[in-house]
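Student: All chains, full assembly: derive it from the sequences and hints.
The sequence shown begins at 45 in my numbering and counts up one residue at a time.
Since the hints were derived computationally from the structure, they do not count as laboratory data. Don't take every hint at face value.
[Claimed, not checked] In silico lysine-lysine, DSSO-like type, Cα no more than 27 Å apart, as pairs:
no.	residue 1	residue 2
1	Lys98	Lys117
2	Lys117	Lys74
3	Lys98	Lys50
[To be verified] Distance windows between CB atoms, simulated:
no.	residue 1	residue 2	range
4	Thr72	Leu51	30 to 38 Å
5	Glu96	Pro52	36 to 44 Å
6	Gly143	Asp91	36 to 44 Å
7	Ala47	Lys121	47 to 55 Å
Built from N, CA and C at the ideal position, the CB exists for glycine as well.
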Amino acid sequence: MPAQIKLPEQNLVLLVGRLTRDPNVAFTQKGQAVCRCDIAVNRRYLDATTNEWKDDTVFVPVVVWGAAADRCKDRVKKGTPIQVEGRLTSSEYTDKTTGQTRRSLQVTARRIQILESGAAGGASYETHAAAKDDVPTSEVMEDDVPF
Numbered sequence: 045m046p047a048q049i050k051l052p053e054q055n056l057v058l059l060v061g062r063l064t065r066d067p068n069v070a071f072t073q074k075g076q077a078v079c080r081c082d083i084a085v086n087r088r089y090l091d092a093t094t095n096e097w098k099d100d101t102v103f104v105p106v107v108v109w110g111a112a113a114d115r116c117k118d119r120v121k122k123g124t125p126i127q128v129e130g131r132l133t134s135s136e137y138t139d140k141t142t143g144q145t146r147r148s149l150q151v152t153a154r155r156i157q158i159l160e161s162g163a164a165g166g167a168s169y170e171t172h173a174a175a176k177d178d179v180p181t182s183e184v185m186e187d188d189v190p191f
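Tutor: This is the structure:
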């Protein structure tokens with residue numbers, strides 16, 4: 045049996061984009077704030093066949109938990125440029141219309157940085173104290189999420 049290589053666990057996402065809609069902030073049954081929003085991340089590239097500049101846009105769902113989620117509802121809106129630092133998370137659900145199992149990916153933000161100089165002075169919001177990098181998944185159950 046070949047020796048197994050232990051790979052380091054690394055799940056880090058860093059994105060810069062603009063909010064595609066106003067953030068949706070709600071509260072779990074335990075009172076924890078959760079903010080859901082989407083950001084558009086653009087990439088400009090030169091098409092080698094046409095020699096024209098083109099834009100490629102990716103729309104990324106982002107979820108922010110805790111005090112940072114509560115602050116986001118008052119400080120960001122559709123079109124706000126932000127930097128998101130977090131981790132990639134996946135979820136599975138059953139489509140109500142087809143009954144099929146679906147999977148989705150989203151970024152669970154650890155830190156949100158507003159990039160507009162006029163918006164709260166380029167404020168940065170962290171989701172937890174510096175000692176905690178992740179949302180404790182044992183405390184936040186899918187049943188607690190109000191949507």
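Student: Please go over all the hints and tell whether each is borne out by the structure.
Tutor: Each hint, compared with the structure:
1. Of the supplied pair hints, the one linking Lys98 and Lys117 is violated, its CA atoms being roughly 33 Å apart against a limit of 27 Å.
2. For the suggested pair Lys117 and Lys74, the alpha carbons sit about 19 Å apart, so the restraint of at most 27 Å is met.
3. Restraint check for Lys98 and Lys50: not satisfied, since their Cα atoms lie roughly 41 Å apart, outside the 27 Å limit.
4. For Thr72 paired with Leu51, a C-beta distance near 33 Å keeps the hint of 30 to 38 Å intact.
5. Evaluation of the 36 to 44 Å hint for Glu96 and Pro52 yields a pass: the beta carbon distance comes to about 41 Å.
6. Under the hint 36 to 44 Å, the C-beta atoms of Gly143 and Asp91, about 41 Å apart, fit the expected range.
7. About 53 Å separates the C-beta atoms of Ala47 and Lys121, a value consistent with the hinted range of 47 to 55 Å.
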